[in-house]
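Trainee: This is what each chain is made of:
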Amino acid sequence: MSARDPDLIGAAAIAVVAVATLAGGLTTPDPGFGVVPPAAFPVVLGVLMLASAAWLAFDTLRRPRRAENEPLDGRPFAATAVASAVFFAAFIPLGFVLSGTAFLVAQARILGSRSLARDVIASIAFVLAVYWLFVGFLTVDLPNGPLPF
Amino acid sequence: MDIFGSLLGGFATALTPQNLAYAAIGVVLGTAIGVLPGIGPALTISLLLPITFGLDPIPAFIMFGGIYYGAMYGGSTTSILVNTPGESASVVTSIDGYQMAKQGRAGAALATSAIGSFVAGTLATIGLMFLAAALVQFAVQLGPPEYFAIMLVALSAVTSLSGTSAPKALFATLLGLALGLVGTDNQTGQLRLTFGINELEEGIDVVLGAIGLFAIGEVLWYAATLRAQEAEERQTVRGSTWMTREEFRRSIPAWLRGSGIGFFIGALPGAGATIASFISYALERRFSKRRAEFGKGAIEGVAGPEAANNASAGGALVPLLGLGIPGSGTTAVMLVAFQIYGLQPGPLLFSSRPDLVWGLIASLYIANVALLVLNLPLVGIWVRLLDIPKPLLYAGILVLSAVGVYSLNRNAFDLVIVLVLGIVGFLMRRYDYPLAPVILGIVLGPLIDNNFRRAMIMTDGNVLALVTRPLTLAILLIAIVFFILPFALRLYGRARGRGDLAALAETDVG
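Heads up: the sequence lines are chains A and B, in that order. Sequential numbering from 1 applies to the first sequence in the working numbering. Sequential numbering from 1 applies to the second sequence in the working numbering.
So these bits of chain B aren't anywhere near chain A, every CB distance computed over 12 Å:
id, residue
1, R257
2, L372
3, P470
Facing chain B, from chain A, some residues (calculated, C-beta under 7 Å):
id, residue
4, P38
5, L45
6, L72
7, T80
8, L111
Stretches of chain A that chain B covers, calculated by requiring three or more beta carbons in the stretch to come under 8 Å of a beta carbon on chain B:
id, region
9, 14 to 25
10, 83 to 95
11, 101 to 109
12, 123 to 132
If you're looking for bench data, these hints aren't it; they were derived computationally from the structure. For each residue, glycine too, the CB sits at the ideal point set by N, CA and C.
Using the sequences and the accompanying hints, generate a full structural model.
Mentor: Structure below.
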C-alpha cells in the first residue's frame, strides 16, 4: 500500500463523519424559537467536512506518490487497546485498586517488561499511592469494588 | 483600582504559607509530569486537573499557575539530557542543548534553560498584567458578533498553522467543533449529535478530549512502535549546574529576545510555544556572530527558545483572561478549570472576582520563583524520573488517565469516550492529522455557536449585517489573513526552494 492510499481512505472516512454530522444536524428538532435553529451549525460543519474530504482526495491524487509509512507492531497495539477496554470495564465493578494493579502488571508485560516481581511490587505501590492521594488527601472518591478501600 | 494596587491585593491573597505550598506543589508536579516523554503541557494540565478538585478556587488556581509554568519548563530537561523532546515546543532546545550535554556542559544548558524560563516567565507575567487589563477595557465594548469573529480568528489561525496538510488540519478543526456541539443545546434544550446515546446528553468535556487524544493516543502509539523504539543515550550532569561569566553574558540578550518573541506569539490565537521557540532559534542563529556554533552546542540556541517557550505561556493567558477565549489547546484545558468552579474568564471576572484574577497573576510570579528555586537543585530527581521503565511508565499514564477521567464526573461512560478518542488520536497521529485543533474546537464549538446565534438575534437573522459593523468586519478580515498567510508563506517557501518558512508554517502547535 503506498502512502497515497491511506489518505484516500482518510478522505472516505472524513466523508462518513461528514454524513453522520449532517444526519445528526438534520434530525435535530427545531423548537421554533430563536432566529437560528439548533441544527444550523452541525449542518454547516457537515458540509465543510465534505468539502475537506473532497479537498484531501483532490490533493492526494494530484501529488506524487510518497514512500510507505513505517509498519506498525500490530500485536502490542491491539493488546493495549483490548487491555485498556477491559481495565475501563472493570474499573467500577472491581474497584480502582484491584483493576488498576492487574492492568498495570498486564500492560507492562504487553509493552515488553519481563520483570514480573518488580512490576507487581511497583504496581501495588503506585496504585495505593494514587488511591491515598485522591481518596485520603484530595477527598475525591474512587470505586472500591469488593475491597473495603 | 490601578494595576499595581490590584497586584498588591493579589499578592496579599497568594502569599499565605498554605498558598505558597500549593504553588510549590504545582511547580513540582507540573515539572515532574512535563519531564516525561510524550507529555506536553495540555496533557499535563488535564492529568493534574483532578488534583485541584478538593480545593477552593483561589488555592486551586494558584496551584494551577505552578502546574502551568512547571509543565512548560519540564520538557527542556528531557531535551537536553536525552535528546528526546517531551513535546514539540522543546524540539529546538534539544538541537544545541543535547550537544552541550555531550560536551560535558549539561549543567550550563540546564541553568540557562531554568534562568531563561524564570526571566521570560516573569517578563511575560508583567506583559500579561498590562495587556490583559487593557484588553478588558476594550472587551467590555464587544458584543456577540465581535466574539464570534474573534473565535473565527483563533480557529483559522490554529487550522492554518497546524500540521502539514491544509485539508487534514481543516478536518481536525471541524471534528473538534462537532465534538464540542455534542449534547444539549443550551439555547433551546434540544439534543444535538447524540445519536440516541443518553450518556452523551451532558456533552464531551475538553479534558476527555485531551486525555483521550494525547494520553491514550500516546500509549497506543508507543505500543504500536515498540520495535522501533531506540535505546536512549542519556547524558549526565557533570560538575555544577551553573554558567560561566561568558555563558551568562551570551545568554542574557537571548533570554530577552526570546521573552519578547514568546510573549507576543503566545498571545496570538493559534500560534504558541512551538512556533515561538522555532522563531526564536531562527533569529538567534541568523543574528549571531557565532553562527557556526549553532547545532554544535551554542548556548543561545538553548537560552532563546526556552525563554520563548515559557514567555508564550504568559502570552497565551492574555486572550484567555482578557476575553475568555482560549487560543491554544493548553489554554482550552485551562478554561475548563475555570468552568469547573463556575467561573467564566473575561472582562466580567476581572470585576466580579478580582481576588481570584489578581491572585492567579500574583501566583504566576510566585510560581516562577518556585520554578527557579526548585528546578536546578532538583534536576537529579527529574533525571531519575526518566529511569522509570518505559512499560511501567506508559501503563501508569493509562491508570492516571482513568482516575482523572472518572473523577471528573464519576461517570463510567466517560472511560468509553476516552478510549474511542484515544484510538482516533492514534489514527490521526499515524496519518498526520494535527491534534491541537481538535482540542481547541471542542471548547470553541459551543461558544462560537452561541455567539453566532446571539449575533443573529441582534441582526434579525441578517448575516450580512455582521460586516456592516466596522469592528466585526476588521476582525473577520484578520481571520481571513490568518487563514491564508501561512499557506502563502508555505507556497512562497516552496517556490523559492527553501525549507525555513515552509518548515515554520508546517509546525504543529500545542
